[in-house]
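So the protein sequences, as listed, match chains A and B. Residue numbers for the first sequence follow UniProt numbering, so the first one is 1 and each next one is one higher. Residue numbers for the second sequence follow UniProt numbering, so the first one is 1 and each next one is one higher.
Please note that a few of the clues may not be correct.
For identical chains, the list gives no copy identity; a pair is met inside one copy or between any two copies.
[What the hints assert, rightly or not] With a straight-line cut-off of 30 Å between C-alpha atoms, the simulated DSS-like cross-links for lysine-lysine are:
1. K2 <-> K123
2. K173 <-> K2
3. K231 <-> K2
4. K49 <-> K223
5. K272 <-> K173
6. K231 <-> K173
7. K2 <-> K272
Treat the hints as calculated values from the structure; they're not laboratory data.
What follows is the residue order along each chain.
Protein chains: 2
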Amino acid sequence: MKPIRIAVLGAGVVASGVVHVLQRNQQEIQRRAGRGLEVIAIAARNTAKAHEALGATGVATADDFEAAVRRPDVDIVVELIGGTDRARALVLAAIEAGKHVVTANKALLAVHGSEIFAAASAKGVMVGFEAAVAGGIPIIKALREGLTANRIEWIAGIINGTTNFILSEMRSKGLDFGTVLAEAQRLGYAEADPTFDIEGVDAAHKATIMSAIAFGVPVQFDKAHIEGITKLQAADIRYAEQLGYRIKLLGITRRRDEGIELRVHPTLVPAKRLIANVEGAMNAVVVQGDAVGTTLYYGKGAGSEPTASAVVADLVDITRLHTADPDHRVPHLAFQPDAMSDAPILPIEQVRTAFYLRLVVADETGVLSRITTILAERDISIDAVLQRESAEGERQTDLIILTHDTVEGRMRQALAQMQALPTVLAPIVALRKEELA
Amino acid sequence: MKPIRIAVLGAGVVASGVVHVLQRNQQEIQRRAGRGLEVIAIAARNTAKAHEALGATGVATADDFEAAVRRPDVDIVVELIGGTDRARALVLAAIEAGKHVVTANKALLAVHGSEIFAAASAKGVMVGFEAAVAGGIPIIKALREGLTANRIEWIAGIINGTTNFILSEMRSKGLDFGTVLAEAQRLGYAEADPTFDIEGVDAAHKATIMSAIAFGVPVQFDKAHIEGITKLQAADIRYAEQLGYRIKLLGITRRRDEGIELRVHPTLVPAKRLIANVEGAMNAVVVQGDAVGTTLYYGKGAGSEPTASAVVADLVDITRLHTADPDHRVPHLAFQPDAMSDAPILPIEQVRTAFYLRLVVADETGVLSRITTILAERDISIDAVLQRESAEGERQTDLIILTHDTVEGRMRQALAQMQALPTVLAPIVALRKEELA
Numbered sequence: 001m002k003p004i005r006i007a008v009l010g011a012g013v014v015a016s017g018v019v020h021v022l023q024r025n026q027q028e029i030q031r032r033a034g035r036g037l038e039v040i041a042i043a044a045r046n047t048a049k050a051h052e053a054l055g056a057t058g059v060a061t062a063d064d065f066e067a068a069v070r071r072p073d074v075d076i077v078v079e080l081i082g083g084t085d086r087a088r089a090l091v092l093a094a095i096e097a098g099k100h101v102v103t104a105n106k107a108l109l110a111v112h113g114s115e116i117f118a119a120a121s122a123k124g125v126m127v128g129f130e131a132a133v134a135g136g137i138p139i140i141k142a143l144r145e146g147l148t149a150n151r152i153e154w155i156a157g158i159i160n161g162t163t164n165f166i167l168s169e170m171r172s173k174g175l176d177f178g179t180v181l182a183e184a185q186r187l188g189y190a191e192a193d194p195t196f197d198i199e200g201v202d203a204a205h206k207a208t209i210m211s212a213i214a215f216g217v218p219v220q221f222d223k224a225h226i227e228g229i230t231k232l233q234a235a236d237i238r239y240a241e242q243l244g245y246r247i248k249l250l251g252i253t254r255r256r257d258e259g260i261e262l263r264v265h266p267t268l269v270p271a272k273r274l275i276a277n278v279e280g281a282m283n284a285v286v287v288q289g290d291a292v293g294t295t296l297y298y299g300k301g302a303g304s305e306p307t308a309s310a311v312v313a314d315l316v317d318i319t320r321l322h323t324a325d326p327d328h329r330v331p332h333l334a335f336q337p338d339a340m341s342d343a344p345i346l347p348i349e350q351v352r353t354a355f356y357l358r359l360v361v362a363d364e365t366g367v368l369s370r371i372t373t374i375l376a377e378r379d380i381s382i383d384a385v386l387q388r389e390s391a392e393g394e395r396q397t398d399l400i401i402l403t404h405d406t407v408e409g410r411m412r413q414a415l416a417q418m419q420a421l422p423t424v425l426a427p428i429v430a431l432r433k434e435e436l437a
Numbered sequence: 001m002k003p004i005r006i007a008v009l010g011a012g013v014v015a016s017g018v019v020h021v022l023q024r025n026q027q028e029i030q031r032r033a034g035r036g037l038e039v040i041a042i043a044a045r046n047t048a049k050a051h052e053a054l055g056a057t058g059v060a061t062a063d064d065f066e067a068a069v070r071r072p073d074v075d076i077v078v079e080l081i082g083g084t085d086r087a088r089a090l091v092l093a094a095i096e097a098g099k100h101v102v103t104a105n106k107a108l109l110a111v112h113g114s115e116i117f118a119a120a121s122a123k124g125v126m127v128g129f130e131a132a133v134a135g136g137i138p139i140i141k142a143l144r145e146g147l148t149a150n151r152i153e154w155i156a157g158i159i160n161g162t163t164n165f166i167l168s169e170m171r172s173k174g175l176d177f178g179t180v181l182a183e184a185q186r187l188g189y190a191e192a193d194p195t196f197d198i199e200g201v202d203a204a205h206k207a208t209i210m211s212a213i214a215f216g217v218p219v220q221f222d223k224a225h226i227e228g229i230t231k232l233q234a235a236d237i238r239y240a241e242q243l244g245y246r247i248k249l250l251g252i253t254r255r256r257d258e259g260i261e262l263r264v265h266p267t268l269v270p271a272k273r274l275i276a277n278v279e280g281a282m283n284a285v286v287v288q289g290d291a292v293g294t295t296l297y298y299g300k301g302a303g304s305e306p307t308a309s310a311v312v313a314d315l316v317d318i319t320r321l322h323t324a325d326p327d328h329r330v331p332h333l334a335f336q337p338d339a340m341s342d343a344p345i346l347p348i349e350q351v352r353t354a355f356y357l358r359l360v361v362a363d364e365t366g367v368l369s370r371i372t373t374i375l376a377e378r379d380i381s382i383d384a385v386l387q388r389e390s391a392e393g394e395r396q397t398d399l400i401i402l403t404h405d406t407v408e409g410r411m412r413q414a415l416a417q418m419q420a421l422p423t424v425l426a427p428i429v430a431l432r433k434e435e436l437a
């Protein structure tokens, strides 16, 4: 049988990984797929640089992206240029030309996914996106196919390696965010402009995609609540540890009766959970299903060959399924297009979590009583209290409170009221806490 | 579209889970599969007991298994009776009748897999077996589809919950094997006859299946090296801990130039690895691929609904794929039947691992030197030595040695030579050690 022919858009690290993995493991892959997979064209802005990145792979490069996606001899287009505007146009052009598409572009799918999947369905082609979430971990496949028996209850994932590396370093070395970020940039774990990572945007793209395929709702990145790790202080990592918790930047999506939670924020997680022990740039996703219970998927979330592993898995899936009746393929968003849910994404005020609070309070009688009264008045019950002399001196104290689950809107009112107390001497730190079991 | 019609053989806990999950999540599953899935017949030896187990599900039960597999209105037969003889006959009869088959029966596939898959391929039907390995964890799907880009290097898994529960209890409570086994039986974590679990046979069935789909070799259970946990002593768990290791019963399969390792045995694993922290009856499988690096999959490896989760995922896969050209389906053993490898399963003497040795030696000069000389003469290099006064008194000492990787045959010779020394006062304990990274 003739090999499946592939055009790759982009010639960065992931493109280079795809070309190298397909060449190195070509025999192994063909033994599985029953058919060869061959990259016949690479489109790159800078063809000289592309040649360098791709080494002696012998694949032709050109700078005409539009021509590459329309080549009549191409079966699958792999989009690896990133960004949302040109990538959207090229992916839609490829679909229009009847090509299957594989993409690692989470931003593109989190924002334009509904449009792209609708176009693909109309044209009877597939869009594979395993590489868009958690790199080499086959989490999209697990959610769309491995756990089809389940009503998914929630997903919580470490889905950004840069921030997990920074948090791991902050904890193990007791350092501040800024110091570790500089180190991460020096080591290549963080980009020169790390905004998308450290502000949680990248994790939110991925959480948005997982939310859609877990609950059968359209991708709605604009409804995600996003907080990064830039304001996190070493003191809170230390206090969390003393209370048996670690702080991780989690992408969380959860089904509630009223709708769906979709949020990214630093989160206290019990130290004994496996996900709390995922260190460095590694990724891990916990999925809770009603039949299967808790499952976890762990691996490298980024990098040339781990991401290529996911891209190539999609290429093999398409090779296997492209002759199948489109109605019998795995639906892009896990649920049949005519069976999607209209459950709303809940505003953050309606989200339910427990909280970690750190208040710097005057060291005088009655302070704790006033604070606990404010919480009690809003039906927020307290799980644990830790009081420590502040580093600043004797006249003030760090007061740490862990609460049970409550509604965020109620907590925000309580926080405003506590902050207004004259005995609360600094801005209150409030972090969300999840038991994840 | 008419629902897919299913006959279930067996009415135990997993069958009951399958029926309940399909009923409870019927809407969710249909929204994914695009078609209903309906159990129309259950075959059970004791129909009265079956009725009780299945509760008010309203599915007809009968005791004629042969009739159930041949019913013309059945599309898929789910085999959940266990054992290898009757199960083999029924599965082959179902295939012969043109039915797709889903089975949770690892013993059946580890022993008769090649015959069953060949019959299924000849008939153009699918045999799903996600539930046969690690229960609800979609590890078969990850290996056969999620990691197709990779040359798999090795797999190491906690794939028997009973033994992991026992080892967790032995470690956390410092108890002996016998005490914990009795407790596990009382709690229902171990069977009245626990031989298959504690002797490693169940884990070896699962490791055999994973080995076949990872490396494209036929299932060869008879070539697996199998050791259980019955001889494990509390002292070694304690010493391992002091050296930074935990002891887990692992199913391991690894590709070497000379062939494939396939083995189940208690194994020292660095305590900092995620898999070392998998406690209680949970399962976890680590897969090392050349492109993706290390990945890990964690969840419940047994139980009614976790196993049902895997069975139903297979049912949905078959629902999606049964109209597809058989040549384009996922091959049963991951590789195309005409592209299998004839790499041999290596005898245990050729396996390469590091070792943990505990020797009870006379407390006199020259003992350590004689022992290290024996190891050095066989090119076995030492990683660490720990010497502790034995509980037995002052005249003898526990000598713990960690070695670097060596060939098992060489170690066995060294062990025989050391055991013959008059200063070695008790049988030497030798356990294998894997770094798993």
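Each hint, compared with the structure:
1. K2 <-> K123: both (23 Å within a copy, 26 Å between copies)
2. K173 <-> K2: neither (55 Å within a copy, 61 Å between copies)
3. K231 <-> K2: neither (55 Å within a copy, 56 Å between copies)
4. K49 <-> K223: neither (39 Å within a copy, 51 Å between copies)
5. K272 <-> K173: Both: 20 Å inside a chain and 17 Å across chains, each within 30 Å.
6. K231 <-> K173: within (18 Å within a copy, 41 Å between copies)
7. K2 <-> K272: neither (52 Å within a copy, 47 Å between copies)
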